[in-house]
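Chemist: Listed below, chain by chain, are the residues.
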Amino acid sequence: MTTCSVLFVDDEPNILSGIRRMLRGHAADWEVHYAGSGAEALAMLETTPIDVIVTDMRMPGMDGAQLLAAVRALHPSTARLILSGQSDRDSIIAAVGPTQQFLTKPCEPELLVGAIARVVGVRDLVLDERLRSILGDIESLPKPPQIHEQMMEVASRPNCGLSEVVAVVESDLSLCADILKLVNSAFFGLSSRIESIDRAASLLGLDTIHALAISGKVFGGGAPVPRNLDLTLLRNNSMRIAGMARTIATKEGWPRETVSQTFITALLRDLGLLVLAGNDPEGYDLVRRVPPEDIWAVSQAELASFGCTVPEASAYLLGLWGFAEPVIQAVACQPAQISGPPVSPVAHAVGFAHRRLHQRVVEAEPDPQSWLDPIRTSRWNTLCAELEESVNEST
Amino acid sequence: MVVQTDRFARERQAAVEPLSPTEAARLALVAVHTDHAVVLADAHVVIEWVNDAFCELTGYARHEAVGVTRLSLFTHTVSATVVAALGGVPTDQPQALELLTRSKQGRPYWTYIEVRPVLDHGEVAQLILLESDVSATQVAEHQLLEASRRAELLAAELSAEKSVLSGVISSIPHLVFWKDLGGRYRGVNTAFLSARGFTDPAEVVGSTEAELDSSDGSGSFAQALHELELAARDGVAVIDHHVNVTDADGRTRSLLLSVLPQLSPDGHLEGVIGVGADVTHVAELERALAQANRLESIGQLAAGIAHEINTPVQFVSDNARFLADSFGELLPALRHVEAILAGPEPEPGADAADRLGQVRAALAGVDLAFLVGEIPAALSESQEGLSRVTQIVRAMKDFSHPGSGRVETDVNRAVESTVQVSRNEWKYIAELELDLDPAVGLVPCYEGELKQVVLNIIVNAAHAITARRTATGTTELGRIALRSERSDDVVRVSISDDGIGMDDATRRRIFDPFFTTKEVGKGTGQGLSLAHSIIVQKHGGQIEVVSEPGQGSCFILVLPARWEHVNQAEAETHRP
Numbered sequence: 366m367t368t369c370s371v372l373f374v375d376d377e378p379n380i381l382s383g384i385r386r387m388l389r390g391h392a393a394d395w396e397v398h399y400a401g402s403g404a405e406a407l408a409m410l411e412t413t414p415i416d417v418i419v420t421d422m423r424m425p426g427m428d429g430a431q432l433l434a435a436v437r438a439l440h441p442s443t444a445r446l447i448l449s450g451q452s453d454r455d456s457i458i459a460a461v462g463p464t465q466q467f468l469t470k471p472c473e474p475e476l477l478v479g480a481i482a483r484v485v486g487v488r489d490l491v492l493d494e495r496l497r498s499i500l501g502d503i504e505s506l507p508k509p510p511q512i513h514e515q516m517m518e519v520a521s522r523p524n525c526g527l528s529e530v531v532a533v534v535e536s537d538l539s540l541c542a543d544i545l546k547l548v549n550s551a552f553f554g555l556s557s558r559i560e561s562i563d564r565a566a567s568l569l570g571l572d573t574i575h576a577l578a579i580s581g582k583v584f585g586g587g588a589p590v591p592r593n594l595d596l597t598l599l600r601n602n603s604m605r606i607a608g609m610a611r612t613i614a615t616k617e618g619w620p621r622e623t624v625s626q627t628f629i630t631a632l633l634r635d636l637g638l639l640v641l642a643g644n645d646p647e648g649y650d651l652v653r654r655v656p657p658e659d660i661w662a663v664s665q666a667e668l669a670s671f672g673c674t675v676p677e678a679s680a681y682l683l684g685l686w687g688f689a690e691p692v693i694q695a696v697a698c699q700p701a702q703i704s705g706p707p708v709s710p711v712a713h714a715v716g717f718a719h720r721r722l723h724q725r726v727v728e729a730e731p732d733p734q735s736w737l738d739p740i741r742t743s744r745w746n747t748l749c750a751e752l753e754e755s756v757n758e759s760t
Numbered sequence: 004m005v006v007q008t009d010r011f012a013r014e015r016q017a018a019v020e021p022l023s024p025t026e027a028a029r030l031a032l033v034a035v036h037t038d039h040a041v042v043l044a045d046a047h048v049v050i051e052w053v054n055d056a057f058c059e060l061t062g063y064a065r066h067e068a069v070g071v072t073r074l075s076l077f078t079h080t081v082s083a084t085v086v087a088a089l090g091g092v093p094t095d096q097p098q099a100l101e102l103l104t105r106s107k108q109g110r111p112y113w114t115y116i117e118v119r120p121v122l123d124h125g126e127v128a129q130l131i132l133l134e135s136d137v138s139a140t141q142v143a144e145h146q147l148l149e150a151s152r153r154a155e156l157l158a159a160e161l162s163a164e165k166s167v168l169s170g171v172i173s174s175i176p177h178l179v180f181w182k183d184l185g186g187r188y189r190g191v192n193t194a195f196l197s198a199r200g201f202t203d204p205a206e207v208v209g210s211t212e213a214e215l216d217s218s219d220g221s222g223s224f225a226q227a228l229h230e231l232e233l234a235a236r237d238g239v240a241v242i243d244h245h246v247n248v249t250d251a252d253g254r255t256r257s258l259l260l261s262v263l264p265q266l267s268p269d270g271h272l273e274g275v276i277g278v279g280a281d282v283t284h285v286a287e288l289e290r291a292l293a294q295a296n297r298l299e300s301i302g303q304l305a306a307g308i309a310h311e312i313n314t315p316v317q318f319v320s321d322n323a324r325f326l327a328d329s330f331g332e333l334l335p336a337l338r339h340v341e342a343i344l345a346g347p348e349p350e351p352g353a354d355a356a357d358r359l360g361q362v363r364a365a366l367a368g369v370d371l372a373f374l375v376g377e378i379p380a381a382l383s384e385s386q387e388g389l390s391r392v393t394q395i396v397r398a399m400k401d402f403s404h405p406g407s408g409r410v411e412t413d414v415n416r417a418v419e420s421t422v423q424v425s426r427n428e429w430k431y432i433a434e435l436e437l438d439l440d441p442a443v444g445l446v447p448c449y450e451g452e453l454k455q456v457v458l459n460i461i462v463n464a465a466h467a468i469t470a471r472r473t474a475t476g477t478t479e480l481g482r483i484a485l486r487s488e489r490s491d492d493v494v495r496v497s498i499s500d501d502g503i504g505m506d507d508a509t510r511r512r513i514f515d516p517f518f519t520t521k522e523v524g525k526g527t528g529q530g531l532s533l534a535h536s537i538i539v540q541k542h543g544g545q546i547e548v549v550s551e552p553g554q555g556s557c558f559i560l561v562l563p564a565r566w567e568h569v570n571q572a573e574a575e576t577h578r579p
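So the sequence lines, in the order shown, correspond to chains P and U.
According to our numbering, the first sequence is numbered sequentially starting from 366.
According to our numbering, the second sequence is numbered sequentially starting from 4.
In isolation and in its complexed conformation, chain U is listed as follows:
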């Protein structure tokens, strides 16, 4: 096998001129002492003499080499190039070969052979072969080649990776940027650009926030960033800080902004990395879920309220039909009697008796005794029915009044109207006690939300009681008790039931979104999670739960009762 490398071609060109016999003779002297293998051969490459170095390199003893051609010492097949150079056809041009060969003992090595013709009067008189073991160089060269190939590959990979990475970064819907310690942007992604009203990274990279000509207008963004960056520059990571900013299109966006210190490999602070997750649609989703819960309970209530109204309407309409029938009998009879009585004054005796007979006959078909008993009752029951309908409609109106913002709210009344509209949810299941402390008075509340919470808990209580009644097979009504009380700074509304109760594991999870113990289709698992966010986050209050399996549950809503305790800013905005 011959490996002809580029180096081979270069060396061939650099080969020295053919030698003269004198020079050859001098060289031969040198040859004895040199470390290179040297072969003297005739014009047909039949070896005449080799030096010790040759014997060592090839493994042939001198007497084995002398008298044979150089070619015949190869124990393997060789390429045409080698055959041409060492094949015995004289050529007056020096040549060089590089090939992988084996010593007589079979040791493989790379050999470099220079063939130098010695010319005598223009004729090839002799050949000098200089051979050396270039295995080391060859391997090194291979390694070099390999290394350079690897480097190229790596570069290609890196560049692909870089484009993937920058593609990833730019396509992340969250805002991504990184800055140096001087506050200059070093990179931003597409989401960042579009939120800030830029189109090209070049507009931003290299500038500080102050130098930017951002069209997000309000400066809300710069302001939000500033504080967080200060913290990050002190080496503190700020994670998921909730900020509302106005984007270039003037829309308000909810961002969860994180700013992280960027450290060099040796731990020095190099800059900051910022990521802003746009949670606007998550916030919208939360609102939609709250809305869904509201619709769910309104739907449920609507069915219940329909029943509450249907019952009185049924008997009012039956009574109305009865009254219509009754008066349909009564009035013609009265008209008849009137006509009889309208005649001239009857003569005493037979005439009067006859008239009396006529009147009796006119009234004979009328069951007056029955009507006298029933008509007043029909009227009073109808009135009662109508006032029940009125009451329900009023409570519904009251309940559905959402209130606007946080205002002074009559908490007792809110509880009462909620109890009223949810009557159908509990009346077949439980007796409901109300013990509302008049001292509760007005409390700063989001009224609609508060009623929603009370409703959710009442409905849950009814379900818990149903579950216990089913489990124990009793038909006795359960008990739901609502109490309100006011202490110095807080108002407590407690809703307790004697339902099936909860174990600790359930109690710990009840405020988790989508957690529900009810069968599929019986609830979205949003009720209590919503209650928690309304009471704790919106009102700055607390929900306490006491429950034990089989012993029922008690939910206590604790609401701050004074404006001073309500978030000051909120108080300013909402105080009526």
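With the rest of the complex left out, here is chain P:
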């Protein structure tokens, strides 16, 4: 791991000295800096490259949200975290735009170190500094323009139910990601237990969703939708892969937590495409020409056009946003390598579902030692076929 630099900002000196002492063991890996105010932090960023900034929310003068907004504008590749004692809804909403992760005080030392380590870890996935800036600059993923209106309309119905909100959220991949991102942040602190969008929506609560809709920070705006990207197709494919992967995980009898990680991994696997294609539409045109069933060729084309693969970009974003480590790992190693380093069952299930999307039947791995042996392959093929059948019946 390359040495990376972390900057802590807090107006309370005792907090900074506590962190300094607590992090003593990481002195070798991390170059740690401290600032007592937003202005001091910005001045430091002028002279010192900072990979991760962790700031308090409420500070006299410039507050945490203002500081992070400035950091995003000036140094978009710096990962932006908030460590705040405020955990009320208004503060979350105020900071939701420029903030990539929320942590609440008091924060266990392991959690704080883990969150920073995760962000540092994904930096190896995207080595190009320019690409990191592009990914880091994302405040809100591109969404179809009508989605905000829809959300406002649904949320302002007097007897609006959760299922109506969930329906709107599920109609768009970016929204799914945003909702999961919010729930994953430590304000809600339950990243390992999210099984579905409805669970995430119910954790957030209608009030928060309504407030977010009004603020326009999550459901509105965002980067413009890439002109040559079919959002509906992307969303449908993601939903189908997620459905298949979840079925596989469930029927294999994996633990609940693993099932939910499989679902999220599959759902958000192609998230990075929203940013990559928007940034480089010509490059995406080249990628589109590759037949999708040839997954290795697609990966090669992505690498050639964008500088990293779509799953790498997705994993980078998920890392910035503080998703669970197994999810980030499983996304990062897509498409699952046959003869590469061994990957988790989650990664296998997602890789399988992704191939299944473009192939009627997925061929067994030629390597007889592979975890995904012919027996598993045939079982999973059957599971996916059954799922598609029941979906077709119900529609």
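Be aware that one or more of the hints could be misleading.
Below, simulated EDC-like cross-link-like pairs (lysine to aspartate or glutamate); rule was C-alpha separation at most 20 Å, straight line [claimed, not checked]: (1) U:Lys541 - U:Asp515; (2) U:Lys430 - U:Glu387; (3) U:Lys541 - U:Glu411; (4) U:Lys430 - P:Glu377; (5) U:Lys430 - P:Asp376; (6) U:Lys541 - U:Asp492.
None of these hints come from the bench; they were simulated from the model.
Predicted, not measured: the structure shown is a model, and the values here were computed from it.
Since chain P is already given, all that's left is putting chain U on it; use the hints.
Modeler: Chain U only, in chain P's frame:
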């Protein structure tokens, strides 16, 4: 058109006997001079003679009438009855007709025609027709009929209206009664009955209060009524007098009682009307609103206090982790050194140098210089953090202590603990100055309510300063100043800010319930209205406000400082 009225039927029965020729001849003489129209006709109603009155009535000259049938003189179609009577078929029975007809010139009139046969040896020899204009009677009769119909209708309407009215009165949830001058109930409604424990108006109506066998027990009702009625009997209306009474179920009810003099149309006092509006649930609503405001501020405070506590907990826990790590290095190294030193006394020279080398090696992994510098600091900062938490928790406990009733209260301390718990509301917005006069001492107060008022005003001050800072784009802290002072009989607590201030229109409305200048969801608009009712109504004090747009605001709470000035009765009840 023939109108056959009931009168027609009666008259036909009353018709006189047929005439004899002698009588007819005599009558004919009379006929010349009478005002009634008279027609002499043969048995087939062919006219033989008419008098002048007939000519005048019908408009026909005598020569036009004579020789034709009476029937043929009608210029309009007539009913079968008329045709039968005047159609020329002799009948020995007298008949009478009443019909609307027209004169030759077209003048419409009601005519009454009596047909009297003159019998000669049992045969109809001649007919005498007596005709008269009964238009006037007819119209009068119509009017009479109409009038009686209207009267019936009116009676029906009145009775419907009466039942609606009595339904309305009885279903009004307020108590309604009316009495005569002797104090006897003349009417009551259902709400009145049920409040007093009766079921039937008859149990009450006709009796005086003293004669009632009411089960509302305490007599609180009779007592409340008595005074007001006296006033009403002097012709003075008593409106919305607040009384608390005990109803038949033993529940205390808050009534707004009005007693009004009831005057007769000529202005004489006839009795009194009483209306008691049951405002028990309104009073409960007010209490609930006060409670909501309290919960709102507690919720807000809780978030702020959590932050105040979270910060020290964060660094105490970081320091604890550091200390654990440090001692995790330090103690094994010390044990190691101890073990090295535990051996037999080293020989001077190589042996001692070797031991020294071992000790150095054991301590090599320990950054003692760092630990020596940091451990004491970590401990003292942790202690500071813990005492901060303790202080906050104590202030919160102090603040949330509601007090019971009006008791001697240390106003300065109440202000201080309120400032302490609300720290998070102002510390990023303003510097807060406290200038509390020790002479203030103990003041008879409702402590919980007083703190609530101070809190509401501090929070408002912080909001006002935020508004000004946003408007002017400054990041400089504002200023909130709290002062207390005691003069002879009153204690003043003033809370001033350098926030955005208010114009006159806003200042006049700030104590109105639900008035708020904050955006939706930022306040119930209850804070100051509540503050007003707590300071003015509950404490018998005053709230003064000085404010100017852009210049900030100052709220001054003026509290009576001595028990003598507090409501005497209250003092008796609550003096510790």
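Chemist: Which numbered conditions among the earlier hints are violated in the structure presented, ordered from lowest to highest?
Modeler: Per hint list: zero violations.
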